[in-house]
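Start from the sequences, fold in the hints, and give me the full structure.
Letter by letter, the chains look like this.
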Amino acid sequence: MIEFRDFSFRYREGDAPVVRDVTLTIPDGCFVGITGAAGSGKSTLTYAVNGIIPHCYPGDFYGAVTVEGMDTVETSLTDLSRAVGSVCQDIDSQMVSSIVEDEVLYGLENFGVPRDEVEARLADALELMGIADLRHRAIDSLSGGQKQKVAVASIIALRPRVLVLDEPTAELDPASSAAVFDLLATYAREHGTTVIVVEQKIALLAEHADMLVIVDGGRVRFAGAPGEVLEHSAELLELGVNCPRSTSLVNRLRASGLYAGPAARDVAEAAAACREVIA
Amino acid sequence: MIEFRNVSASYDGELPVLRDVSLTIPDGDFVAFAGTNGAGKSTTMRLINGLLKPTSGEVLLDGVPTTALRTSEVARKVGFLFQNPDRQICQPTVREELLFGFTAVGEGGPDAEACVDAMIEAFGFDADAEPFLLNRGTRQLLALASIIVREPDVVVLDEPTTGLDYRECAKVMEAVGRLNAAGATVVMVCHDMEVVGDYARRVIAMTAGTVVDDGPTFKVLRRPETLRRAHLLPPQVTEVSMLLGADPALAGTAVARADTLDEMAAAVAALASEAARAAARERAALGACAPMGGE
Numbered sequence: 001m002i003e004f005r006d007f008s009f010r011y012r013e014g015d016a017p018v019v020r021d022v023t024l025t026i027p028d029g030c031f032v033g034i035t036g037a038a039g040s041g042k043s044t045l046t047y048a049v050n051g052i053i054p055h056c057y058p059g060d061f062y063g064a065v066t067v068e069g070m071d072t073v074e075t076s077l078t079d080l081s082r083a084v085g086s087v088c089q090d091i092d093s094q095m096v097s098s099i100v101e102d103e104v105l106y107g108l109e110n111f112g113v114p115r116d117e118v119e120a121r122l123a124d125a126l127e128l129m130g131i132a133d134l135r136h137r138a139i140d141s142l143s144g145g146q147k148q149k150v151a152v153a154s155i156i157a158l159r160p161r162v163l164v165l166d167e168p169t170a171e172l173d174p175a176s177s178a179a180v181f182d183l184l185a186t187y188a189r190e191h192g193t194t195v196i197v198v199e200q201k202i203a204l205l206a207e208h209a210d211m212l213v214i215v216d217g218g219r220v221r222f223a224g225a226p227g228e229v230l231e232h233s234a235e236l237l238e239l240g241v242n243c244p245r246s247t248s249l250v251n252r253l254r255a256s257g258l259y260a261g262p263a264a265r266d267v268a269e270a271a272a273a274c275r276e277v278i279a
Numbered sequence: 001m002i003e004f005r006n007v008s009a010s011y012d013g014e015l016p017v018l019r020d021v022s023l024t025i026p027d028g029d030f031v032a033f034a035g036t037n038g039a040g041k042s043t044t045m046r047l048i049n050g051l052l053k054p055t056s057g058e059v060l061l062d063g064v065p066t067t068a069l070r071t072s073e074v075a076r077k078v079g080f081l082f083q084n085p086d087r088q089i090c091q092p093t094v095r096e097e098l099l100f101g102f103t104a105v106g107e108g109g110p111d112a113e114a115c116v117d118a119m120i121e122a123f124g125f126d127a128d129a130e131p132f133l134l135n136r137g138t139r140q141l142l143a144l145a146s147i148i149v150r151e152p153d154v155v156v157l158d159e160p161t162t163g164l165d166y167r168e169c170a171k172v173m174e175a176v177g178r179l180n181a182a183g184a185t186v187v188m189v190c191h192d193m194e195v196v197g198d199y200a201r202r203v204i205a206m207t208a209g210t211v212v213d214d215g216p217t218f219k220v221l222r223r224p225e226t227l228r229r230a231h232l233l234p235p236q237v238t239e240v241s242m243l244l245g246a247d248p249a250l251a252g253t254a255v256a257r258a259d260t261l262d263e264m265a266a267a268v269a270a271l272a273s274e275a276a277r278a279a280a281r282e283r284a285a286l287g288a289c290a291p292m293g294g295e
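Taken in order, these protein sequences are the chains called A and B.
Quick note: the first sequence, position 121, residue 121 per the UniProt record's numbering, numbers continuous.
Quick note: the second sequence, position 197, residue 197 per the UniProt record's numbering, numbers continuous.
Treat the hints as calculated values from the structure; they're not laboratory data.
Just so it is clear, CB atoms sit at the ideal spot from N, CA and C, and this is done for glycine as well.
Each hint should be verified, as a subset may be incorrect.
Some chain B residues well away from chain A (every beta-carbon gap over 10 Å; in silico) [stated by the list, open to error]:
hint, residue
1, Ser10
2, Arg19
3, Gly38
4, Thr67
5, Gly106
6, Asp111
7, Gly124
8, Asp126
9, Thr162
10, Gly163
11, Tyr166
12, Arg167
13, Pro216
14, Gly252
Below, simulated DMTMM-like cross-link-like pairs (lysine to aspartate or glutamate); rule was C-alpha separation at most 25 Å, straight line [unchecked claim]:
hint, chain 1, residue 1, chain 2, residue 2
15, B, Lys53, A, Asp140
16, B, Lys171, A, Glu235
17, B, Lys171, B, Glu113
And the structure:
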């Protein structure tokens, strides 16, 4: 379980807190999508989970954040990183090797994974991300999308209990983005891993996440099941968050009194709602 | 006008990333290239702006092959917005960044400064701000403004909305829409199919270095074969419409043609009220036929 209790944070060089009074509980195995306008504090929330704040970016840390009972301020970054695997927004800054295989091995070796497990973990992670054929390729020769898959594979190989990803599909085309979310959701279900994804593509979050967290001005404005959060499409728009079009369509039918069911998370639910209205 | 005549291109001289592509983009068009990573879209953009020359075939700008033009000559006609604005911002202030396009080709002066002032006002920029301290969306707008200020005939945009939030995306795309309305040709690569549906009038779908479809936006995005071959997902309302249209009872109705939120909401409401009227008529008919009570 991950808990934020009255958490606020101001970066040392900042004038004001970028995250304010956040209280939020994320159960084990939950797939959480965090979204909000640029500069709303989304990434800072995840930095509190993987310990980047306050360990790498110092500042004023108020309240408490715990990951599986570990206080992220009190626990060393090394111990935290055994539980929490992170994929950065800037993939190039995460890469340390020149060959795909070495990149995945780097984490496994540094975490002291027993030698007889290494090959299976390496092969499984590459297979899971659909990049087994890239194993011996130079990272420099990969596209942005392929690099993103390598970065995710490197972290998944470590089998963290919590996976934090900051815009993992920014460089990917729609089909690959959907495929990465499908893979993450399947992986999380099968391994009971908690997944926290910061993402602008709200349609992907709506479809895959168990919990949607909307951040604005450093505060959590909405947190709950996507179907409940997306009912507030007008308020979300005010916060700079545009609902998926399928959600907006069904919310219009709800607003005009034609439909009384829940907000649609995806195209299939929107089509079902339209059929019900027309019937 | 932009013309590709049997164009093939390669980065290493061996592996072709574009294969025998022929297409024409008339002046004033608004075209989106769609397809998976590695389909050849960005390569096509680089061929238009002359950064890449074809290995065979010809790319012509207003009838002149790009191989016969210097890069600076192409740059006067074609403005190019990189996916990452930080790759093109190079000046210490917003004002100097906007002026750079003029001074770099020796065209600085009062006229250029007037254009820059107008652009600063139109976009609401802080002229003295340091570009790299602006947020990502504003840097993207600045990069776009520094292209628009030179009034190019063609604007090429490589993923103009990647990494932007909804408000930033709307600002950038509205500026692009105004530019097109003023007569500029817009050619963009865009993965966000909602943006493509909202702005582009024509879609060119690519896969493995070839064009698989080319036509009006929603015609292309409604063809199952194109969607399958180019691994595309249509905009969500179009996808809802295609799902509903597959039902024989709804095929041919307005819901099977709706591509926008307004069209779909209106079509569903109209069918719902039609269904309600039919039900009322049925009830009335049943009432008229019902046996009379009493003796």
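| query | Which of the numbered hints are not met once you compare them with the structure shown? | reply | 3, 9, 10, 11, 12
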